[in-house]
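Participant: Here are the chains, one letter per residue:
2 protein chains.
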Amino acid sequence: QLLYEKLGKSSRTVDTELEAQIEMLRETQRKYLNVLRLSTALAAQLSAASNTQRALGEAFADLAQKSPELQTQFLYNADTQRSLTRNGETLLAALHFFNSSLHTLANKSMEDTLLTIRQYEAARVEYDAYRSEAEAAGTGVGGSGAGGEGVAARLERQRSVYGRLRDDSAVKLKLLHENRVKVMNKQLLLFHNAISAYFSGNNVALEAAVRHFSVPGAL
Amino acid sequence: QLLYEKLGKSSRTVDTELEAQIEMLRETQRKYLNVLRLSTALAAQLSAASNTQRALGEAFADLAQKSPELQTQFLYNADTQRSLTRNGETLLAALHFFNSSLHTLANKSMEDTLLTIRQYEAARVEYDAYRSEAEAAGTGVGGSGAGGEGVAARLERQRSVYGRLRDDSAVKLKLLHENRVKVMNKQLLLFHNAISAYFSGNNVALEAAVRHFSVPGAL
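Residue numbers (the UniProt record's numbering), protein chains in the order written: chain A, 87 to 305; chain B, 87 to 305.
No lab work stands behind these hints, which were simulated from the structure alone. Be careful, since some hints might not be right.
All copies of an identical chain are treated as equivalent in the list; a pair is satisfied when it fits inside any one copy or across any two copies.
[Unchecked claim] DSSO-like cross-link-like pairs, simulated, lysine-lysine; straight-line CA separation at most 30 angstroms:
| id | residue 1 | residue 2 |
| --- | --- | --- |
| 1 | K268 | K194 |
| 2 | K258 | K272 |
| 3 | K258 | K117 |
| 4 | K258 | K95 |
| 5 | K152 | K258 |
| 6 | K152 | K117 |
| 7 | K260 | K95 |
| 8 | K117 | K260 |
| 9 | K268 | K92 |
| 10 | K268 | K95 |
| 11 | K92 | K272 |
| 12 | K152 | K268 |
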């Protein structure tokens with residue numbers, strides 16, 4: 087049937103609004119998975135940098151003890167690296183929460199809706215195949231009969247399967263949209279507040295952000 | 087000669103103060119190379135994070151265009167990531183300057199002094215070997231003669247080689263100390279100011295720091 091459709095030899099049942107929403111969902115999923123890939127990489131890179139800063143803090147503190155001639159200079163560098171390491175841990179807790187929520191949204195919630203959509207699309211193809219067959223039977227044989235009645239009954243049954251899956255898809259898309267906006271609204275605010283606070287050295291705001299958003303694992 | 091010394095069968099000429107300075111230099115070089123290894127790793131990690139933030143900024147900006155329902159949230163995240171990327175480049179210029187100066191200090195200046203010190207140490211071993219030989223000749227044969235005079239002349243020549251290299255080492259150690267304190271004083275201040283300014287979101291201070299320390303490649 088898909089082949090016939092591509093060759094233009096068979097017509098295709100189209101629900102324009104629903105298909106636009108499906109196309110949009112697939113694009114959104116792709117884009118969110120790209121953000122997830124980048125934010126996961128960022129968390130890993132900042133975590134590595136934070137570990138290096140911890141080691142640098144220790145190296146500077148050790149050199150401060152052993153170098154009276156540069157003690158002050160080594161000491162303030164040791165202090166800076168240590169305080170950045172502490173804030174880095176709070177930031178990473180926030181990033182991990184963002185990544186985990188985005189992972190659930192893109193790989194669980196969206197996938198669940200896309201599973202129903204794939205069933206809907208398969209049912210649509212099957213329905214259109216029966217429909218083409220019924221039309222060919224109607225045109226070719228002309229009259230009706232036992233065979234004709236069988237085709238019509240199968241067509242009717244498939245139309246109802248198709249209709250049910252179309253309604254399921256529409257409902258799931260609506261619920262997914264609401265869920266997505268709610269989750270992303272919260273997570274994008276957390277991401278922004280945590281990153282801004284960290285990179286402005288505002289550890290009070292950083293800790294307030296992870297508390298406000300109930301980030302798991304944060305102090 | 088080194089083996090005889092270890093077995094306690096031969097005495098060793100010792101310049102306590104110089105040897106303490108040499109031991110200190112070797113320890114300082116080890117510690118500075120460790121800091122260089124860590125600060126090079128930090129620059130690479132922050133550079134990777136900065137590239138990820140650039141890509142994240144673009145992904146957020148793209149999503150802001152395509153998602154009217156979350157436009158504001160995506161937009162402020164795009165702005166934050168972009169401004170962090172810009173500041174990241176300035177910070178990296180400062181870190182590269184720090185790393186390059188520390189590399190020159192630990193791998194060039196300190197190595198040059200250590201080369202003279204290794205020559206001095208070899209001359210010391212050779213001098214002590216002649217000295218043991220001369221002592222053995224003096225005790226065994228008792229008197230003097232052509233052979234005895236040859237040993238004494240060689241010993242005298244080697245004592246002067248040893249003395250010259252000892253003086254060279256002492257001078258180089260003194261110059262290296264002055265150079266090291268000057269370089270590290272500047273670089274530790276730059277490192278601290280650049281890192282503090284970057285991680286407190288103070289791009290004015292960050293740019294002032296790289297200008298003040300004439301960081302190459304910075305805007």
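Participant: Checking against the hints above, which ones are violated?
Facilitator: Hints 4, 7, 9, 10, 11 are the ones this structure does not satisfy, whereas the remaining hints hold.
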